[in-house]
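Enquirer: As a plain string of letters, each chain reads:
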Amino acid sequence: MTTSTSTSTPTASRRTAIVRRAVPLALATILLAVGLVGWWTWFDLRSDDPSDNGAIIDSKVTAQVQTSVSQALGRVLTYDYQDPATTEAAADDVLAGKARTEYDTLFASLQQRAPGQQLKLTAQVQAIGVKELRGDKATLLVFLDQSSQRAADQESSVSAAQLAVTAEKKGSTWKITGLKPL
Amino acid sequence: MTSQVEAPVETAESDEPQVPSDTEPTTTARSRGPWVLLLVAALVAASGAFMWWQADHDPDRAAAQTRDTVLIEARQAIETMNTLDYRSVDKGVKAWSQVTTGTLRDQLAGVSADDRTLLAEQKKISTGRVVDAAVIDVDDGSATVIAAVEVTVRDAAKPNSEPTVKRNRFSADLVKVGGRWKLESLQQVAVSLS
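So the protein sequences, as listed, match chains A and B.
Quick note: the first sequence uses my numbering, first residue 1, plus one each step.
Quick note: the second sequence uses my numbering, first residue 1001, plus one each step.
The shape of chain A in the complex, shown without the other chains (with noise of 0.2 Å):
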């Protein structure tokens, strides 16, 4: 009941006062759901952000991996039964992992009959692309020419091979983990 007893003058200024406070406050309401929204908007966009793949948009690293892939494939899949020392040592280069595994089954196979058949193999890469390249990881495609020649039977063929390549980056180079051909 006291606030019955209050003079004019007292509502007035109560007005004013409440006026005086409820447009700052809107205002705020204002600015704050923008600042939200822009804030909200950021986080939405960085958390599906195409360019957390740097292929081709990373330019400098990207041309880094096709360089470094492109050589060591053809280091490890060049092999002449003469000296097939110069093979092994690449592969110790320039594969890790998965890739190694796999590549020490073939070359032991390759052992086996090179020296009877005199094989020679050359393979050239034709044409490469860096498909995904997150932090120290890639994913290319890469297209291949290989020869092999076998003077014991004066036989030689070519052929034309796609391969999908997994490199990692192993304290300052790029080495291939993981070969597949399609």
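Hints listed in this document are in silico derivations from the structure and should not be mistaken for laboratory results.
In silico EDC-like links for lysine to aspartate or glutamate, alpha-carbon gap of 16 Å or less:
| hint | chain 1 | residue 1 | chain 2 | residue 2 |
| --- | --- | --- | --- | --- |
| 1 | B | 1176 | B | 1139 |
| 2 | A | 60 | B | 1060 |
| 3 | A | 137 | A | 168 |
| 4 | A | 175 | A | 102 |
| 5 | B | 1091 | B | 1115 |
| 6 | A | 131 | B | 1068 |
| 7 | B | 1166 | B | 1079 |
| 8 | A | 60 | B | 1137 |
| 9 | A | 169 | A | 92 |
| 10 | A | 170 | A | 136 |
| 11 | A | 60 | A | 136 |
| 12 | A | 131 | B | 1137 |
Chain B: place on chain A using the hints.
Expert: Frame of chain A; chain B shown alone:
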């Protein structure tokens, strides 16, 4: 923040006018409170707006989006170009022209009625599938893509025969035409050992 501001206001309103010395700090807190809130809100709005703008104008994001779009549309176009059903040659050839542009499109437009009859008489159903593909180069208006393609050919003239499956390597140049990425050239990557 709001409750702190409201609490003293509530007491000031319900009570009888107090001793002036007591009301003085309440009034300053009351008049200052909303302005502090407003300042904080303005900061939130400014920072939010900036983050929004920045995320929206990230050039890497736009480039990455273009790259991903190119890959999807290139895969579809390359599959279309490796697909033809002898029962609907016209439809197939029309689909080719829809995914191509420039000289490649002109060449396909040159597929004559005789050629179509021949294609229909061969009774082959080819289905192309892109096994894997990668963008090699892309900018706002043009792109190069490589693709490993598996083409399955069924011979309807010999219904009991196994379909033949061939693996091909393709290199494709694309350009953006009217919002769509279309093939400007599509070539097999042949073996060329040097």
